[in-house]
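K.L.:
As given, the protein sequences belong to chains A and B, one line each in that order.
Going by the working numbering, the first residue of the first sequence is number 1, and it counts up by one from there.
Going by the working numbering, the first residue of the second sequence is number 1, and it counts up by one from there.
Some hints here could point you the wrong way.
[Claimed, not checked] Capping the alpha-carbon separation at 25 Å, the derived lysine-lysine pairs in DSS-like fashion look like this: (1) 228/B <-> 14/A; (2) 51/A <-> 138/B; (3) 2/B <-> 143/B; (4) 168/B <-> 51/A; (5) 228/B <-> 138/B; (6) 13/A <-> 168/B; (7) 168/B <-> 60/A; (8) 14/A <-> 165/B; (9) 51/A <-> 352/B; (10) 60/A <-> 239/B; (11) 60/A <-> 2/B.
Please keep in mind that the hints were generated in silico from the structure rather than gathered at the bench.
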Amino acid sequence: MSPTSTASKKREKKLADVDGELCGICQACATVCPVNAIEVTEGYILVLPEKCTGCGTCVKVCPVGAITLIDR
Amino acid sequence: MKHVIVVGAGPAGSSTAVGALRAGADVTIIDRKTNVGIPVQCGEAIGKTGPGVAEIDIPEESIRAPLRGFRLFSPGQISVDYATKEPSGFTIDRRIFDKELFARATEAGADSLLGARVLDITQENGTVTGVVVRHDGKRKTLKAEVVIGADGVNSQIARLTGLRKSYKPDDIDSCFGYEMANCDLEVTDLMEFLLGSEISPRGYIWIFPKGEGRANVGIGIGGGVETKTAKEYLDHFLKHHDVAKRQLSNAKVIETRVGALPVCGPNKTNVVDGALLVGDAAGQVHPITGGGMGYAMVCGSIAGRVAAKCAQNESVKTSDLQQYEKEWRKLYGAEFDQSLKLRELILQTEDKTLDKLANIVTGESIVQMTAGKKVKIFMRAMATKDGKLIALMRELRKLRMV
Ligand SMILES: Cc1cc2nc3c(=O)[nH]c(=O)nc-3n(C[C@H](O)[C@H](O)[C@H](O)COP(=O)(O)OP(=O)(O)OC[C@H]3O[C@@H](n4cnc5c(N)ncnc54)[C@H](O)[C@@H]3O)c2cc1C
Ligand code: SF4
Ligand code: SF4
Chain A
1 MSPTSTASKK REKKLADVDG ELCGICQACA TVCPVNAIEV TEGYILVLPE KCTGCGTCVK
61 VCPVGAITLI DR
Chain B
1 MKHVIVVGAG PAGSSTAVGA LRAGADVTII DRKTNVGIPV QCGEAIGKTG PGVAEIDIPE
61 ESIRAPLRGF RLFSPGQISV DYATKEPSGF TIDRRIFDKE LFARATEAGA DSLLGARVLD
121 ITQENGTVTG VVVRHDGKRK TLKAEVVIGA DGVNSQIARL TGLRKSYKPD DIDSCFGYEM
181 ANCDLEVTDL MEFLLGSEIS PRGYIWIFPK GEGRANVGIG IGGGVETKTA KEYLDHFLKH
241 HDVAKRQLSN AKVIETRVGA LPVCGPNKTN VVDGALLVGD AAGQVHPITG GGMGYAMVCG
301 SIAGRVAAKC AQNESVKTSD LQQYEKEWRK LYGAEFDQSL KLRELILQTE DKTLDKLANI
361 VTGESIVQMT AGKKVKIFMR AMATKDGKLI ALMRELRKLR MV
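Work the whole structure out from these sequences, hints included.
P.N.:
See the structure below:
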C-alpha cells in the first residue's frame, strides 16, 4: 500500500467536530470544505458525517478554533 | 409577469431585487435567516472602496459616523494619512443597513420568504428553472425565469451551478472582531489599518470609529495561516501593541464578530443558463481592502435589471445574461484585476520593505494604487537606493502601476 493511501485511510476515520459554544456561524469552514459537508443554518453549523472525509481543511480557517478532528 | 428569484437578503440581494422590480419583473427574495442583517459580520465602513457614497443610496437611519479617510500603519508603525475635506464615507450599523435595504425592496413590491434555506436548484435541459428550499420543516420548489445567487461567500447557488465549488483556504480571509465602547481614539473620522506579518499574517487589523467612543476593531488573516487563530492574533494585538495600548486600553467589548471574506477576486464568470451570481457569491470583494458592500449594491442593481429584461424577452441563456457580466466588469473589472496582482506583490514583500515603502508614499498614492491606478513614486524609491524597494518598484512597473 502506498503511503498516501494509508494517509487517506487514516483521514477517513476522522470527522470534523464543531464546538457550538465557540462557533459564531461565520461559514469560513463551509466555504473551504471541498465536499460541501458543512451545512449552515440560521442557528448552527452542521457537519454531515456521511459526506465529511476528515481532510481537516475547515480546521485551518476557523477564526476561533472551534473545529477539531475527532475519531469516528 | 415574469418571475425572478433572489437568494439572499444581504446588500446584494436587496439591491438586485429593486433593480429587477424597476425593470418590471415579479421578485421573490429568499433568505435562510428570519432576522435579516443579524449577526453582524462586518467592519461596517462604506463609501471608501469601489463605488463612492454618491453612487449608492445608503439608508440614512443606518449611518453612525462620517469618515474622511484612513491612517495606515506599516509593520514598523510608520503611519500614512489620507483625509478628504468633506466626509467621503461612513461607518454604518449593518443591522439597520441590511434591514432597511430589505424593507425598501419589499416596499417596492418584492415578495419575501424568510427562514427558507435553499437546498438545491431545479434544471430543465441544462437551464436553471428554480430552487428547492426547506421552509417550515418542509421541502418546497419555487420556479422562476431567472435565479439570482446573492447568497454570500458560502453561496450554494455558486456550488450547485458549478460557477464556484469551494475556496482554497488562502483565497479567503478568516476574520474576527469586537465592537468596543469606551475607546480613546486619536482620530475619530479616519479608519485605522495596521499591517505586519507578526500582527496579522496575509491580512490586516482595522479600527473603524463608530462615534460616541465606539469602534469596530477587527482582524482578517489568510485562511491558510495555521500559527494562531484570528481571535488569538487580535487578542494579542489588543494586549501588546502600542497603537492598541494608546487607544483601547480602557475599551470594553460589547459584541464579538466572526466572518469569512473572499479575497481572490471575482469568479471567472457569474452566469449560466437561467442563473447568475452577485455580491460575495460572485467574489465581488476588493482583494486588498476587503470592502464588498458598495460593489454588491451597484452590481446588484445591474444584475436585477438584466435578469428582468432577459426574463421578459423569454431568453435567459448565458449569452443573454452575459450583459450583466459585461456591464459590471466595465465598471470594476480592471480595478479587481490590478488590485489582485498588487495584493500578490504585497504578500510577497518583507515587512522592512513595506516600511520603506510607507516612507515614500502619500495617502493619495495609496488610494490610487488600491483603485488599480498608476502612481508617481518610482523616482522617490530609486533615491532611497534600497535594493529590495527598487526590486518591488520594478515589479510594480511591470504592472504599469508606477
Ligand atoms: C469581518 C468582515 C468585515 C467586513 N468589513 C467590511 C467593510 O468594512 N466594508 C465593506 O464594504 N465590506 C466589508 N465586508 C464585506 C461585506 O460584509 C460583504 O461584501 C457583503 O456583506 C456582501 O453582501 P452580500 O449581500 O453579497 O452577502 P451577505 O451579506 O453575506 O448576504 C448573503 C445572504 O444570503 C443568505 N443565504 C446564504 N445561503 C443561503 C441559502 N442556502 N438559502 C437562503 N439564504 C441563504 C444569508 O443568510 C445572507 O442573508 C466585511 C466582511 C467581513 C467578513
Ligand atoms: S474535515 Fe474536510 S471534509 Fe470534513 S467538514 Fe472539514 S473540510 Fe469538509
Ligand atoms: S469556521 Fe468556526 S466559527 Fe466559523 S462557522 Fe465554522 S466552526 Fe463556526
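K.L.:
Each of the hints needs a verdict: does it hold here or not?
P.N.:
Verification of the supplied hints:
1. 228/B <-> 14/A: 22 Å, holds
2. 51/A <-> 138/B: Holds: residue 51/A and residue 138/B sit about 22 Å apart, inside 25 Å.
3. 2/B <-> 143/B: Cα-Cα ~11 Å, so holds.
4. 168/B <-> 51/A: Answer holds: residue 168/B to residue 51/A is near 18 Å, not above 25 Å.
5. 228/B <-> 138/B: Violated: residue 228/B and residue 138/B sit about 41 Å apart, past 25 Å.
6. 13/A <-> 168/B: 23 Å, holds
7. 168/B <-> 60/A: Since the Cα atoms of residue 168/B and residue 60/A sit roughly 11 Å apart, the hinted pair holds (cutoff 25 Å).
8. 14/A <-> 165/B: 23 Å, holds
9. 51/A <-> 352/B: The given pair, whose Cα atoms are some 45 Å apart, is violated under the 25 Å limit.
10. 60/A <-> 239/B: Since the Cα atoms of residue 60/A and residue 239/B sit roughly 24 Å apart, the hinted pair holds (cutoff 25 Å).
11. 60/A <-> 2/B: The given pair, whose Cα atoms are some 44 Å apart, is violated under the 25 Å limit.
Checked against the numbered hints given earlier, the structure breaks hints 5, 9 and 11 and satisfies all the rest.
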